[in-house]
Amino acid sequence: MVLRQGDDVLSNIEELAEKEKIPSANFTGMGFVNAKFGFFNFETKEYEPKEFSKVELASMNGTIAWQKGKVSIHAHGVVTDKTFAAFGGHLLSATVDTGSLEILITIHDKKLERTLEDPPGANVLQLGAN
Amino acid sequence: MVLRQGDDVLSNIEELAEKEKIPSANFTGMGFVNAKFGFFNFETKEYEPKEFSKVELASMNGTIAWQKGKVSIHAHGVVTDKTFAAFGGHLLSATVDTGSLEILITIHDKKLERTLEDPPGANVLQLGAN
Amino acid sequence: MVLRQGDDVLSNIEELAEKEKIPSANFTGMGFVNAKFGFFNFETKEYEPKEFSKVELASMNGTIAWQKGKVSIHAHGVVTDKTFAAFGGHLLSATVDTGSLEILITIHDKKLERTLEDPPGANVLQLGAN
Numbered sequence: 011m012v013l014r015q016g017d018d019v020l021s022n023i024e025e026l027a028e029k030e031k032i033p034s035a036n037f038t039g040m041g042f043v044n045a046k047f048g049f050f051n052f053e054t055k056e057y058e059p060k061e062f063s064k065v066e067l068a069s070m071n072g073t074i075a076w077q078k079g080k081v082s083i084h085a086h087g088v089v090t091d092k093t094f095a096a097f098g099g100h101l102l103s104a105t106v107d108t109g110s111l112e113i114l115i116t117i118h119d120k121k122l123e124r125t126l127e128d129p130p131g132a133n134v135l136q137l138g139a140n
Numbered sequence: 011m012v013l014r015q016g017d018d019v020l021s022n023i024e025e026l027a028e029k030e031k032i033p034s035a036n037f038t039g040m041g042f043v044n045a046k047f048g049f050f051n052f053e054t055k056e057y058e059p060k061e062f063s064k065v066e067l068a069s070m071n072g073t074i075a076w077q078k079g080k081v082s083i084h085a086h087g088v089v090t091d092k093t094f095a096a097f098g099g100h101l102l103s104a105t106v107d108t109g110s111l112e113i114l115i116t117i118h119d120k121k122l123e124r125t126l127e128d129p130p131g132a133n134v135l136q137l138g139a140n
Numbered sequence: 011m012v013l014r015q016g017d018d019v020l021s022n023i024e025e026l027a028e029k030e031k032i033p034s035a036n037f038t039g040m041g042f043v044n045a046k047f048g049f050f051n052f053e054t055k056e057y058e059p060k061e062f063s064k065v066e067l068a069s070m071n072g073t074i075a076w077q078k079g080k081v082s083i084h085a086h087g088v089v090t091d092k093t094f095a096a097f098g099g100h101l102l103s104a105t106v107d108t109g110s111l112e113i114l115i116t117i118h119d120k121k122l123e124r125t126l127e128d129p130p131g132a133n134v135l136q137l138g139a140n
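Protein chains in written order, with the numbering used here: chain A, 11 to 140; chain B, 11 to 140; chain C, 11 to 140.
Note that these hints are calculated values from the structure, not bench results. There could be a bad hint or two in this list.
Same chains, same label: a pair holds when it works inside one copy or across any pair of copies.
[As the list claims (entries may be wrong)] Derived DSSO-like pairs (lysine-lysine); straight-line CA-CA distance at most 30 Å: (1) 92 <-> 80; (2) 121 <-> 80; (3) 55 <-> 92; (4) 64 <-> 31; (5) 92 <-> 31; (6) 78 <-> 29; (7) 120 <-> 92; (8) 64 <-> 92; (9) 60 <-> 120; (10) 121 <-> 92; (11) 78 <-> 55; (12) 60 <-> 121; (13) 46 <-> 31; (14) 80 <-> 46; (15) 29 <-> 92; (16) 120 <-> 78; (17) 31 <-> 120; (18) 46 <-> 92.
Between the sequences and the hints, there should be enough to build the whole structure, so can you do that?
Given below as structure tokens:
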């Protein structure tokens, strides 16, 4: 999948997964983006966010699964700015900036679900017979 | 493979490779971990280690091969802390912290071995007819 | 593909793609390198470069496609130094330093081309029926 300026990254992956009924998948990506990362606070159970604008997406790794009938995407990424310093973590959202974003999606046959496990209070990918 | 809090990352991959007799493989992963990285000192031939606690594993890339009858894992990773700053390198060990770790293992048919090459004094993956 | 000290990373991937007539591919890699990254300046249309010597390549993600009959490689990477600090972005060039570089190339059947799109003034991967 190749996205262009202004495209929302996670929404586009989500829509493709819905449309193509992707059972589960892994994906990688790289491009030029505005990205919002979140660091999970296990006390408040919320992500503390920070935005990075006009940065290279040096790496992105994610998984596509399902939760209660809806597509559930989990993605981590690393971005780098014009000083080449690197930042990253859990990707909350991203849009493509000037340039493009190349995404490789590796689709698996088996449908995977996430369910909330508490502890640790996080949605965890379930593999069935692991 | 999905690991949970307290699991040792490299040991679990190693055990799976032993049990399933994986000839060779590449893997990627992401999750929330405590990680120890090492920077190889070619004078002392030892890794100088540093630990990072309660960090997002923003990316992990590794290979599974064999050396003298034992599973040989080589993994690199990037972790990010709550300021979203990124650190990483050669992964010596990691355990899952609060949350989980999702790992994708891509298995290859061909058995691959590592052997010590000196120079540079490092174990190098051998591909046969390269 | 396993490269050794002194090998030029992108040239070796390019030569393999030419020789094997790889229609398109994604690749990942990790190793110990000297790397030059560039941050694209959309005003001058040039990459502003910076070199990092004797660093771990913590991650590398790239794509192989074709442009006007020649192999076109696009790669992003993250490197880490002996303090484990991470840097990266768009990879302009890299050579292997002491040690080796392990590269996994996932080849696709479909030939992909890049063409210059302006705006944004960048070469963009074309997927045909996207």
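Cα distance capped at 30 Å. Does residue 46 pair with residue 92 within a copy, between copies, both, or neither? both (17 Å within a copy, 13 Å between copies)
Up to 30 Å between alpha-carbons, please classify residue 60 paired with residue 120: within, between, both or neither. Classified as neither; 34 Å inside a copy, 38 Å across copies.
Checking residue 92 and residue 31: alpha-carbon separation at most 30 Å within a copy, between copies, both or neither? Classified as neither: same-chain Cα gap 38 Å, cross-chain 35 Å, threshold 30 Å.
Is it within a copy, between copies, both, or neither that the alpha carbon of residue 64 lies no farther than 30 Å from that of residue 92? For residue 64 and residue 92, both the intra-copy (9 Å) and inter-copy (21 Å) Cα distances are at most 30 Å.
From the Cα coordinates, with 30 Å as the cut-off, is the pair residue 31 and residue 120 best called within, between, both, or neither? Answer is both; intra-copy 11 Å and inter-copy 22 Å each pass.
For residue 120 vs residue 92, is the C-alpha pair at or below 30 Å within one copy, between two copies, both, or neither? neither (41 Å within a copy, 34 Å between copies)
Have a look at residue 78 and residue 29 and pick one of within, between, both or neither, based on CA distance no larger than 30 Å. Within. Shortest intra-copy distance 17 Å satisfies the 30 Å Cα cut-off; inter-copy 34 Å does not.
Indicate which option fits the pair residue 78, residue 55 if close means a Cα-Cα distance not exceeding 30 Å: within, between, both or neither. within (20 Å within a copy, 47 Å between copies)
Using 30 Å as the alpha-carbon threshold, which applies to residue 121 and residue 92: within, between, both, or neither? neither (40 Å within a copy, 32 Å between copies)
Go through the copies and call it for residue 120 and residue 78: within, between, both or neither, with a Cα cutoff of 30 Å. Within one copy only: 16 Å inside, 35 Å across.
Within, between, both or neither, where residue 92 and residue 80 count as close if Cα-Cα is 30 Å or less: between (37 Å within a copy, 29 Å between copies)
If the cutoff is 30 Å on CA atoms, where do residue 64 and residue 31 land: within, between, both or neither? Let me know, please. For residue 64 and residue 31, neither the intra-copy (32 Å) nor the inter-copy (35 Å) Cα distance is at most 30 Å.
In the structure shown, a violation is registered for the earlier hints numbered 4, 5, 7, 9, 10, 12 and 15, in ascending order.
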